[in-house]
Structures are given as structure tokens and as C-alpha cells.
Amino acid sequence: MSTPPVRRTKAALFAVTTLTVALTACTSREAETTSQTGSGPAASAAASQASGPGCTLEKTGYPKVDVKSAIVGFSQSEKEANPFRIAETQSIKDEAAKLGIASDKLLVTNAQSDLNKQISDIKSMLDRGAQLLIVAPLNSDGLQPALDAAKAKKVPVVTIDRKVTSAACTDYLTFIGSNFVEQGKRAAAEMVRVTGGTGKVAILLGSSGNNVTTDRTKGFKDELAKTAGLSVVAEQTGEFDRSKGQAVMEQLIQSNPDITAVYAENDEMGIGAVTALKAAGKNPGKDVKIVSIDGTKNAVQLVADGGYNAVVESNPRFGPLSFKVLQDFADGKEISENVVISDDQYDETNASQKLGNAY
Amino acid sequence: MTAVITDPPDTAAATRRELMTGVLQRQGAAIALVIVVAVAWFSFPRFGSLDNLRDLALQSSFLAVIALGMTFVIITGGIDLSVGSLYALGGVLAAYGSQYGFLVALALPLAVCGLIGFVNGVLVARTKMAPFIVTLASLLFARGLLLAITDEGSNTYRVPADSAFIELGRGTIGGFGYPVFIALVLCVIGAVVLRRTRFGQSVFATGGAEQSALLMGLPVARTKITVYTMSGVLSGLAGALTAAYLQSGVTVIGVGTELDAISVVVIGGTLLTGGAGTVLGTVIGVGLRNVIQNIINQIGTLDSNYQSVVSGAFLLLVVVLQRSLARTKPGR
Chain A
1 MSTPPVRRTK AALFAVTTLT VALTACTSRE AETTSQTGSG PAASAAASQA
51 SGPGCTLEKT GYPKVDVKSA IVGFSQSEKE ANPFRIAETQ SIKDEAAKLG
101 IASDKLLVTN AQSDLNKQIS DIKSMLDRGA QLLIVAPLNS DGLQPALDAA
151 KAKKVPVVTI DRKVTSAACT DYLTFIGSNF VEQGKRAAAE MVRVTGGTGK
201 VAILLGSSGN NVTTDRTKGF KDELAKTAGL SVVAEQTGEF DRSKGQAVME
251 QLIQSNPDIT AVYAENDEMG IGAVTALKAA GKNPGKDVKI VSIDGTKNAV
301 QLVADGGYNA VVESNPRFGP LSFKVLQDFA DGKEISENVV ISDDQYDETN
351 ASQKLGNAY
Chain B
1 MTAVITDPPD TAAATRRELM TGVLQRQGAA IALVIVVAVA WFSFPRFGSL
51 DNLRDLALQS SFLAVIALGM TFVIITGGID LSVGSLYALG GVLAAYGSQY
101 GFLVALALPL AVCGLIGFVN GVLVARTKMA PFIVTLASLL FARGLLLAIT
151 DEGSNTYRVP ADSAFIELGR GTIGGFGYPV FIALVLCVIG AVVLRRTRFG
201 QSVFATGGAE QSALLMGLPV ARTKITVYTM SGVLSGLAGA LTAAYLQSGV
251 TVIGVGTELD AISVVVIGGT LLTGGAGTVL GTVIGVGLRN VIQNIINQIG
301 TLDSNYQSVV SGAFLLLVVV LQRSLARTKP GR
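Chains A and B, in that order, give the protein sequences. In terms of UniProt numbering, the first sequence opens at residue 1 and continues consecutively. In terms of UniProt numbering, the second sequence opens at residue 1 and continues consecutively.
Hint data in this document are derived by calculation from the structure and do not stem from the laboratory. These numbers come from a predicted model, not from an experiment. Think of the CB as a built atom: it goes at the ideal place given N, C-alpha and C, for glycine as much as any other residue. Incorrect hints may appear among the rest.
Claimed, not checked - The following residues of chain A were derived to be distant from chain B, with all beta-carbon distances above 12 Å:
no.	residue
1	G54
2	T56
3	K218
4	N283
5	D347
Claimed, not checked - Chain B stretches covered by chain A per the calculated footprint, using a threshold of three residues with CB under 8 Å from any CB of chain A:
no.	stretch
6	45 to 51
7	54 to 65
8	234 to 247
9	252 to 262
10	289 to 298
Said to hold, decoys possible - Example chain B residues on the side facing chain A (calculated, C-beta under 8 Å, incomplete):
no.	residue
11	Q99
12	E152
13	T156
14	R158
Hey, can you work out the whole structure from these sequences and the hints?
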């Protein structure tokens with residue numbers, strides 16, 4: 001039997017292809033992850049209750065569950081390859097431990113960026129007796145089957161960091177997250193402060209088609225418009241990615257050599273911009289001011305070192321607030337549709353002391 | 001199938017070795033599945049609960065439909081990397097089409113994904129381009145098309161709540177979802193087609209020894225075009241079922257699904273080099289993957305990354321066995 005020569009090499013070729021595709025897949029997941037970093041929220045656990053009709057135990061008819069002795073399930077959306085996700089999961093675990101919830105009563109799953117897996121994760125936690133659920137949704141749509149399963153078992157679901165399109169109070173209890181428009185506004189206020197109110201600003205946008213990007217852009221521009229001396233001279237997407245942010249910044253320096261400030265919609269792109277500016281012989285933090293959003297250790301360290309100007313935090317520490325909301329709900333208090341987690345801020349005055357808070 | 005194992009073995013030792021590896025190769029996944037199910041059944045009281053089994057079956061059904069098409073493609077000696085993107089595209093098209101009624105919701109994804117699969121097949125069969133390059137291009141094309149029609153993923157089409165289409169994904173018989181039965185029926189049909197029809201024989205012959213198949217006058221090109229079209233249609237169908245189940249055309253699904261599909265097919269004993277494989281093996285491969293995932297969920301405290309570790313290790317084992325099986329055959 002003759003074997004076509006092609007077949008001999010096919011296994012090897014397949015291996016290579018698989019690897020290539022796997023790497024591509026990883027990269028794209030990483031990008032999503034990073035964008036997720038963008039949508040990250042909160043540590044200090046001070047919540048300002050937002051508008052929206054409240055949801056109460058009475059209204060839902062759910063049983064009263066004592067948070068401290070309940071079985072609690074936490075469904076993480078993406079693999080913990082980025083600081084935001086790590087800090088988020090850790091915060092849930094820490095708070096559970098602090099409340100004295102036994103470690104075998106806190107169920108934790110990770111959907112590894114697979115929506116079908118997140119649905120079965122949630123269902124399996126319900127199956128294992130979860131009485132309260134905290135979910136970091138992978139996507140705004142598509143979790144309906146899991147939410148329905150929770151509803152059928154009268155288990156309240158708190159969604160964190162990403163809002164789902166289902167109905168609050170009936171499909172899920174509430175959404176806890178950052179106010180991204182507000183983050184953009186605060187970044188603009190910092191920009192006005194560090195530039196002294198004059199300059200030409202370049203914006204490194206996050207991934208397009210993403211509410212985090214839209215909100216952070218809107219908030220920034222609305223706030224910046226109040227200062228006549230500052231104008232946006234260029235805006236391009238760096239897709240929440242460090243190397244893309246760097247590449248875009250390199251091009252922007254070529255086309256607009258007179259840029260005096262950069263607003264990066266996440267820390268990673270801001271750090272990429274620093275590298276690009278240095279390569280172009282500029283002095284980031286001094287002759288080109290940089291402000292970004294997230295609060296990662298790398299960026300806050302740069303602020304402390306003086307090579308970066310300010311970082312508005314997107315708080316990933318949802319633990320305290322999530323459990324507080326669940327406790328309030330059990331106590332019969334009214335829970336609003338959206339709960340905003342408070343974000344911190346880092347600048348040259350506090351970056352060194354607060355470095356420990358960065359994630 | 002025995003198409004590739006026709007040469008007389010050299011020695012008795014080689015025969016034994018071939019037999020051993022052959023059994024492991026063909027039955028390894030089944031043996032492993034029995035073991036993991038048994039372990040799970042006795043270790044985790046909730047594993048055997050009806051709720052869990054229903055969910056396990058439902059979650060497996062989507063991948064099974066995709067992997068069915070992949071099985072045919074791989075047996076012809078090809079590969080289809082576009083299935084993950086087509087799966088996601090099918091879901092979005094179904095959700096978009098659902099506003100025009102049940103038939104559109106089903107026909108639109110099947111037609112579009114089938115067409116892309118058909119183009120894959122034509123390019124592979126007629127231009128002799130490498131299947132992984134052709135289908136890598138469609139992977140990118142289909143994902144791009146999906147992003148274009150959803151405004152870069154920001155616009156998610158939702159299936160109207162009163163649409164009959166939702167029933168397709170959420171209706172149940174005896175608690176088991178319709179997709180489970182659809183996947184089962186399709187796999188039975190697929191197995192029969194593969195084993196009992198002339199088309200099935202052409203599929204094996206194409207992958208087993210393409211030159212001989214050509215010389216014997218078998219429709220090699222037509223066979224290839226058919227399997228890639230099938231793979232496209234089935235991926236689109238899996239997407240449509242998922243959209244009905246999720247009630248929306250979620251854009252983030254299907255990333256890396258092609259690799260899941262390929263790995264379950266290979267774990268199920270289908271030779272990557274083509275010419276041998278079974279649909280039953282693929283179904284077992286899907287089951288094995290999802291049972292392992294389910295067990296890791298049952299353990300709960302285990303880092304879910306271990307699912308990939310376990311699946312990866314198992315896949316490697318199977319591929320090594322396949323390699324050693326191939327080496328025992330004289331003339332390779």
C-alpha cells in the first residue's frame with residue numbers, strides 16, 4: 001500500500017498548526033481578559049446606592065438565608081491570567097474567610113472564558129446546594145439558562161463587574177460594578193490638574209464595541225471639554241493591550257510630535273505608551289503627561305517613580321460589598337438595581353504609600 | 001475501519017504489539033470513560049443525580065454535533081479549523097433570523113455556514129491547498145463576518161421571548177433537552193452513513209489512500225467537498241441550537257472550539273492521518289471531556305485549569321499511542 005508522502009508530515013504540520021491556532025486563541029482571550037481588566041471595580045467597599053427600584057426579600061419570595069452559614073457559590077468568568085481576575089477571586093475568598101464561612105461552603109468555579117462552561121458551572125454549584133451566588137459574567141448575554149436555574153431554586157444571584165441584560169430583581173438580584181463614565185471624568189480631572197489646563201491630548205482607546213471603552217471615552221471627553229486649553233488631537237484604539245498601545249503611541253508621536261499628554265483607557269496601554277515615548281527620546285511623566293485607569297501594580301509603581309502622572313482605580317475587590325449586599329437582602333433591606341463600587345485614585349502624593357493596594 | 005491495516009505483519013511480536021496498541025487506540029477512550037464515570041459515580045453523590053446528568057448531556061450535545069462533522073473531515077485526512085467561528089456565526093445568524101420566525105432562524109445559519117463549508121471543500125478538493133490553511137482562512141473570515149454584523153460584538157441579537165425557536169433549545173423530553181436528542185439522532189445517522197454507505201466507503205478510502213481511491217475511480221473531490229460542507233452545516237446547527245438555548249446570539253462563544261472538537265475526535269480513536277475512525281469514538285471522546293470537566297467541578301476546590309491539564313495529558317497519550325500504532329505497521 002503506497003503512502004502519499006504528504007501523510008508522513010501531516011502529524012507534524014498538524015501539531016504546528018494547532019500550536020499556532022492555540023496561541024492565536026490565547027492571544028485573543030488575553031485581549032478580552034485585558035478589556036475585562038478595564039471593567040474592573042472596587043476595594044474600599046464604600047458603596048453609593050444608585051437609582052432604580054429596590055428589590056426586597058418579600059418582593060422575590062426567596063427564603064431568608066443566613067450568609068455566614070450558607071453555601072455560597074462564586075463563578076469566575078475568565079482564567080486568572082490577569083491581575084484584575086486574581087484580585088477579584090481573592091477578594092471573594094478573603095471576605096468569606098473573614099465572615100467565618102467554612103472553606104468547604106464556598107464553591108468557586110472558573111469558566112475559562114467558555115460561556116457554556118459558565119452555565120454548567122453555575123448549574124453544578126446549584127446542584128451542590130449553593131444557596132447564594134456571586135457571578136462575574138463572561139458576557140452580558142447568554143447566561144439566561146443559568147439564571148433561570150437559580151430562579152427555580154430561589155437562589156439570589158449577585159452579578160459583579162459586568163452587567164447582564166436580564167431583568168434585575170427577577171432574573172438576578174443586583175449588579176455591583178464601577179461607574180466607568182465617572183472613571184473617565186476623574187481621569188479628565190486629573191489630566192487638567194497635571195497639565196495645568198493646557199496641552200494636546202492623545203487618547204489610547206480600549207477595544208471597540210465595548211461599553212467600558214465607550215463609557216471611559218465619554219466621561220473623559222465630557223469633562224475635558226470644560227477646560228478650553230486642553231484639546232484632543234488624536235484618538236486610536238490600542239485594544240487594552242500593552243504592545244498595541246505601544247505601537248499606536250509610536251505612530252502618534254510621528255504624526256503629532258507636539259502631543260503633551262496621553263490618556264490611556266487602561267494601565268497596560270499606558271505602560272506601552274511610556275515605552276514608546278522613551279524610545280522617541282521623550283520624558284514620560286514630565287514633558288508628556290500620562291493618566292490611565294485600572295490601578296495595576298506596574299502602573300502605580302511608575303507613578304511612585306515619577307514616570308507616570310495618575311491612575312484612576314477600577315476596583316476588583318468585590319468581596320466585602322457582595323457579601324454585604326447578600327446580608328442586607330437576607331435582612332429584608334431594599335437592594336437597588338445597581339450598586340456602584342467605589343474606586344480609589346493614585347497620584348504622585350499617595351502612590352508610594354498605597355502601592356500595596358494596587359493589584 | 002481496517003482500510004489501513006491490510007499489510008501482513010512482520011513478526012508475532014509486532015502483531016501482539018499492534019494488537020495491544022490497536023485496542024488501546026480504538027477502545028482507550030471507552031475504557032477511560034467507564035473508569036472516570038465509575039470513579040465519579042462513587043466519589044461524588046451528586047454526579048449521578050438526574051439534574052447533573054441532564055446538564056452533562058445537554059452541554060455535550062453542542063460539541064457532539066460539531067465533532068460529528070469533524071470526524072468525517074479528519075477521516076478523509078483533512079482538518080477543519082473553521083468550526084469554532086462557524087459555530088459562533090451560526091448562533092448569531094440564528095438569533096438574528098429568529099425575529100422572522102422559526103424557519104428563518106434555522107435555515108439562515110445552516111445555509112450560510114454550509115456555504116462557507118462548501119467553499120472550504122471546493123478549495124481543498126479542487127485547488128489542492130492544505131486544509132488547515134484554507135480552513136484557517138475561513139476561521140478568520142467567519143469571525144470577522146460575525147463581528148461585522150454585530151457591530152464589533154457590541155450588538156447582541158436576542159431571540160424574541162415568544163419565539164417558537166426558543167423551544168428548540170429549551171424544550172425537554174424526560175428532562176433531557178431537545179439538543180441531546182438531536183445530537184443523538186444525528187450521530188446515529190452519521191455512524192450509519194459512515195459504515196454502511198458508498199459515501200462512507202469513499203470517506204475512508206480518501207483518507208486511507210487517496211491515490212488508490214483516485215485510481216479506483218472513487219469521487220475523491222466530491223467526497224471532500226461533501227464532508228467540509230457537512231462540517232459547516234453541523235457547526236451552524238450547533239450554533240443555532242446554542243442560540244435557542246441561550247436565547248441570544250452570543251458573540252464570544254466558539255473561541256478555541258475547533259481545538260476541542262479536534263481533540264475529542266482524536267481521543268475517540270480517529271486517526272489524524274485519516275483513513276480510520278468511528279462516530280461512536282467521537283461521542284465517547286465528547287463524553288470523556290465533559291465528564292472530566294464535571295468531576296473537576298464536583299471537586300470544587302480544584303483549580304479549574306486542571307481540566308485543561310488532564311485533557312491535554314490524555315490527548316498526548318492518545319496521540320503517542322497512535323504514533324506507536326503507526327510505527328508497528330510495516331512499510332511506514
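query = Which numbered hints does this structure break?
reply = Failing hint: just 11.
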